[in-house]
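**Q** Spelled out from the first residue to the last, the chains are:
Protein chains: 2
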Amino acid sequence: MKEQIRIGILGYGNLGKGVECAVKQNEDMKLTAVFTRRAPESLKILTEGVPVYSAADAAAHANEVDVLILCGGSATDLPEQTPEMVKYFNVIDSFDTHARIPEHFANVDAAAKASGKIGIISCGWDPGMFSLNRVYASAVLPNGKDYTFWGKGVSQGHSDAVRRIEGVVDARQYTIPVDEALEQVRSGSNPELTTRQKHTRECFVVAEEGADLARIEKEIVTMPNYFADYDTTVHFISMEEMKANHSGIPHGGFVIRSGKTGWNEEYSNVIEYSLKLDSNPAFTSSVIVAYARAAYRMAKEGMSGCKTVLDIAPAQLSAYDPAYLREHML
Amino acid sequence: MKEQIRIGILGYGNLGKGVECAVKQNEDMKLTAVFTRRAPESLKILTEGVPVYSAADAAAHANEVDVLILCGGSATDLPEQTPEMVKYFNVIDSFDTHARIPEHFANVDAAAKASGKIGIISCGWDPGMFSLNRVYASAVLPNGKDYTFWGKGVSQGHSDAVRRIEGVVDARQYTIPVDEALEQVRSGSNPELTTRQKHTRECFVVAEEGADLARIEKEIVTMPNYFADYDTTVHFISMEEMKANHSGIPHGGFVIRSGKTGWNEEYSNVIEYSLKLDSNPAFTSSVIVAYARAAYRMAKEGMSGCKTVLDIAPAQLSAYDPAYLREHML
Numbered sequence: 000m001k002e003q004i005r006i007g008i009l010g011y012g013n014l015g016k017g018v019e020c021a022v023k024q025n026e027d028m029k030l031t032a033v034f035t036r037r038a039p040e041s042l043k044i045l046t047e048g049v050p051v052y053s054a055a056d057a058a059a060h061a062n063e064v065d066v067l068i069l070c071g072g073s074a075t076d077l078p079e080q081t082p083e084m085v086k087y088f089n090v091i092d093s094f095d096t097h098a099r100i101p102e103h104f105a106n107v108d109a110a111a112k113a114s115g116k117i118g119i120i121s122c123g124w125d126p127g128m129f130s131l132n133r134v135y136a137s138a139v140l141p142n143g144k145d146y147t148f149w150g151k152g153v154s155q156g157h158s159d160a161v162r163r164i165e166g167v168v169d170a171r172q173y174t175i176p177v178d179e180a181l182e183q184v185r186s187g188s189n190p191e192l193t194t195r196q197k198h199t200r201e202c203f204v205v206a207e208e209g210a211d212l213a214r215i216e217k218e219i220v221t222m223p224n225y226f227a228d229y230d231t232t233v234h235f236i237s238m239e240e241m242k243a244n245h246s247g248i249p250h251g252g253f254v255i256r257s258g259k260t261g262w263n264e265e266y267s268n269v270i271e272y273s274l275k276l277d278s279n280p281a282f283t284s285s286v287i288v289a290y291a292r293a294a295y296r297m298a299k300e301g302m303s304g305c306k307t308v309l310d311i312a313p314a315q316l317s318a319y320d321p322a323y324l325r326e327h328m329l
Numbered sequence: 000m001k002e003q004i005r006i007g008i009l010g011y012g013n014l015g016k017g018v019e020c021a022v023k024q025n026e027d028m029k030l031t032a033v034f035t036r037r038a039p040e041s042l043k044i045l046t047e048g049v050p051v052y053s054a055a056d057a058a059a060h061a062n063e064v065d066v067l068i069l070c071g072g073s074a075t076d077l078p079e080q081t082p083e084m085v086k087y088f089n090v091i092d093s094f095d096t097h098a099r100i101p102e103h104f105a106n107v108d109a110a111a112k113a114s115g116k117i118g119i120i121s122c123g124w125d126p127g128m129f130s131l132n133r134v135y136a137s138a139v140l141p142n143g144k145d146y147t148f149w150g151k152g153v154s155q156g157h158s159d160a161v162r163r164i165e166g167v168v169d170a171r172q173y174t175i176p177v178d179e180a181l182e183q184v185r186s187g188s189n190p191e192l193t194t195r196q197k198h199t200r201e202c203f204v205v206a207e208e209g210a211d212l213a214r215i216e217k218e219i220v221t222m223p224n225y226f227a228d229y230d231t232t233v234h235f236i237s238m239e240e241m242k243a244n245h246s247g248i249p250h251g252g253f254v255i256r257s258g259k260t261g262w263n264e265e266y267s268n269v270i271e272y273s274l275k276l277d278s279n280p281a282f283t284s285s286v287i288v289a290y291a292r293a294a295y296r297m298a299k300e301g302m303s304g305c306k307t308v309l310d311i312a313p314a315q316l317s318a319y320d321p322a323y324l325r326e327h328m329l
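Line by line, the protein sequences are chains A and B. The numbering of the first sequence is numbering that gives the first Met the number 0, which starts it at 0 and goes up by one. The numbering of the second sequence is numbering that gives the first Met the number 0, which starts it at 0 and goes up by one.
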């Protein structure tokens with residue numbers, strides 16, 4: 000049996016559970032600890048024989064874990080947790096507040112350099128796989144333009160916003176890329192597209208009995224930031240239909256760059272990367288787990304500091320060794 | 000003016016010309032030398048004021064070039080040239096004989112380590128961008144299957160094979176992925192596909208006047224290795240039509256991996272990467288030029304030896320610095 004990478008999980012929600020499932024698929028890894036802010040004895044995890052500890056005691060268990068995966072939220076958890084935990088562990092998070100990445104990077108980098116650990120931030124699919132596709136494509140086609148489309152998929156933040164409206168019992172919001180916009184981009188015509196032209200939003204809403212549906216619909220479609228700039232469709236459905244047809248968390252999207260090559264820019268080129276995911280958290284955690292392997296390897300090589308997917312070579316993620324990759328996948 | 004990376008080209012065919020065009024699109028680079036096996040004075044290049052030297056004298060001009068791009072063929076040129084030139088230069092090639100990559104890597108690695116230079120091999124789109132997509136996708140979805148489709152595009156090797164048939168004046172062969180196969184793969188059903196099910200081949204042939212067209216067609220469709228395992232369509236056309244409609248070298252293709260996530264593998268996921276290229280050599284050379292930037296940076300950091308796209312982090316290719324990439328593209 001080869002030596003296995005010992006993975007810890009901090010925060011056992013959808014993402015933490017996804018990490019647990021992804022670790023199971025990778026023979027060179029094993030789950031060795033779960034840390035929770037809930038009462039540890041109240042938590043039932045899927046993997047047998049793995050201890051659940053209080054998050055407050057995490058540092059005391061640092062020698063049981065090679066890479067700790069932080070599964071908290073970007074708004075308040077990760078800005079605190081990642082710089083704190085990297086004092087004791089090699090860590091990875093999925094920090095996805097794009098505007099605050101430079102600040103988060105600086106905080107994690109300082110703490111990681113002080114402790115001699117590796118901290119990978121903003122790992123997943125966007126930021127993550129989409130980011131590296133934006134960087135590769137723009138480096139290869141410097142004279143071009145890139146487009147990111149999201150969906151069709153459930154936006155948790157938008158679903159929550161609808162749920163906060165008076166008279167709404169439950170809601171699910173799908174972000175949907177506009178087919179015509181995708182086709183224009185794929186044609187290589189480099190169109191200028193407004194927010195409204197790129198995506199539509201579709202809401203499925205369970206309302207309270209007797210609620211004013213017209214008022215709810217108006218509150219949704221005119222909600223600033225969330226819906227006002229989009230064409231939004233609202234469907235009122237029963238709780239049974241919600242449970243039967245909208246309990247999943249699918250997502251996906253497209254990164255497309257079109258650009259010109261040739262002495263007189265006479266050649267068009269289109270690079271397209273797309274994802275179609277039945278479960279957003281299960282895929283996000285699969286990406287994170289692959290990068291956990293890279294974190295382990297970088298730490299073994301004596302590296303430290305904050306890294307992102309842009310700093311890590313593809314071979315570092317793979318369970319196969321470089322010679323195998325060259326022979327079979329290059 | 001920032002310091003520019005000085006690029007040299009060895010071999011001025013379609014690929015070498017493509018490199019010249021790609022360098023023009025990157026402000027942090029300039030072309031400083033072209034080396035040819037033809038008589039240097041007979042060569043007219045597009046960039047003004049750049050010297051053309053004899054390939055035999057290349058080593059004498061090593062101090063004029065930061066990265067030398069080798070634009071010869073994989074069959075006989077590169078196996079000799081790359082290990083030889085890396086004695087004097089940081090080099091990149093587009094060696095694409097997949098089966099011989101391990102041997103080529105070993106030769107270039109030994110020579111590059113001895114000289115303290117960087118040698119990047121097998122750079123382009125396949126091997127190249129397709130390879131790294133195969134590696135990323137398989138690392139992220141270990142429980143899955145991947146598929147590579149090529150086309151629609153011109154295969155130079157197959158076109159040449161048709162041209163060698165008696166009675167053929169000119170020929171162009173297109174490789175075409177089968178739509179039904181693509182759709183099956185995208186559905187996530189992980190089909191087993193034969194060679195015949197994945198691609199068809201279409202040939203446009205200019206025949207000599209009075210040639211036996213039925214015999215030519217039969218020789219094409221039954222040709223072992225090249226056509227016998229495929230459904231091949233042959234069209235006889237005039238030289239005028241060939242020139243008007245088939246003078247380009249378009250290409251492209253798809254790398255698709257579908258795989259399962261979830262505790263019981265209950266979720267399907269499809270990752271798809273595709274290219275649609277008006278000019279195969281112009282795009283290939285754009286990829287090579289981006290990796291020339293990485294070669295320059297790795298050499299500056301004191302690294303040496305043979306590298307492939309799998310060993311190089313995405314940020315190394317970009318003209319933007321890491322902080323800019325984190326702020327704007329992550």
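Hints are not guaranteed to be accurate.
No copy is singled out in the list; a pair is fine if it fits within one copy or between any two copies.
EDC-like cross-link-like pairs, simulated, lysine to aspartate or glutamate; straight-line CA separation at most 16 Å [stated by the list, open to error]:
| no. | residue 1 | residue 2 |
| --- | --- | --- |
| 1 | K23 | E265 |
| 2 | K43 | E83 |
| 3 | K29 | E218 |
| 4 | K29 | E165 |
| 5 | K29 | D277 |
| 6 | K242 | E182 |
| 7 | K299 | D125 |
| 8 | K217 | E191 |
| 9 | K16 | D178 |
| 10 | K16 | D125 |
| 11 | K43 | E182 |
| 12 | K16 | E265 |
| 13 | K151 | D277 |
| 14 | K197 | D228 |
| 15 | K144 | D125 |
| 16 | K29 | E2 |
| 17 | K23 | E264 |
| 18 | K16 | E264 |
| 19 | K23 | D228 |
Hints in this document: simulated from the structure, not taken from any laboratory.
**Q** Could you run down the list of hints and mark each one as holding or not?
**A** Right, here's what the structure says about each hint:
Taking identical chains as interchangeable, the C-alpha atoms of K23 and E265 lie at most 16 Å apart only when they sit on different chains, with a minimum of 14 Å there against 49 Å within one chain. Taking the closest pair of Cα atoms, K43 and E83 never come within 16 Å of each other, the shortest separation being 26 Å inside a single copy and 62 Å across copies. With identical chains, the CA atoms of K29 and E218 are never at most 16 Å apart, being 48 Å at best within one copy and 57 Å at best between copies. Taking the shortest Cα distances, K29 and E165 never come within 16 Å of each other, neither inside one copy (45 Å) nor across copies (63 Å).
Taking the shortest Cα distances, K29 and D277 never come within 16 Å of each other, neither inside one copy (24 Å) nor across copies (47 Å). Neither within a single protomer nor between protomers do K242 and E182 lie at most 16 Å apart by alpha-carbon distance, with minima of 33 Å and 30 Å respectively. With identical chains, the CA atoms of K299 and D125 are never at most 16 Å apart, being 27 Å at best within one copy and 32 Å at best between copies. For a Cα distance limit of 16 Å, the shortest separation of K217 from E191 qualifies neither inside one copy, at 29 Å, nor across copies, at 50 Å.
Proximity of K16 to D178 under the C-alpha cut-off of 16 Å is found in neither arrangement, the shortest distances being 33 Å within a copy and 37 Å between copies. In this homomeric assembly, K16 and D125 never come within 16 Å of each other (Cα to Cα): the closest approach is 19 Å inside a single copy and 36 Å across copies. Neither within a single protomer nor between protomers do K43 and E182 lie at most 16 Å apart by alpha-carbon distance, with minima of 47 Å and 40 Å respectively. Taking identical chains as interchangeable, the C-alpha atoms of K16 and E265 lie at most 16 Å apart only when they sit on different chains, with a minimum of 14 Å there against 50 Å within one chain.
In this homomeric assembly, K151 and D277 come within 16 Å of each other (Cα to Cα) only inside a single copy, at 10 Å, whereas the closest approach across copies is 30 Å. Taking the closest pair of Cα atoms, K197 and D228 come within 16 Å of each other only inside a single copy of the chain (11 Å); across copies the shortest separation is 43 Å, beyond that limit. Taking the shortest Cα distances, K144 and D125 never come within 16 Å of each other, neither inside one copy (18 Å) nor across copies (23 Å). For the identical chains of this complex, K29 and E2 are intra-copy neighbours only, at 10 Å inside a copy versus 48 Å across copies, given an alpha-carbon limit of 16 Å.
Within a single copy, K23 and E264 get their C-alpha atoms only as close as 49 Å, which misses the 16 Å cut-off; across copies the closest is 11 Å, which meets it. For the identical chains of this complex, K16 and E264 are inter-copy neighbours only, at 13 Å across copies versus 49 Å inside a copy, given an alpha-carbon limit of 16 Å. For the homomeric pair K23 and D228, neither the shortest alpha-carbon distance inside one copy (42 Å) nor that between copies (40 Å) is at most 16 Å.
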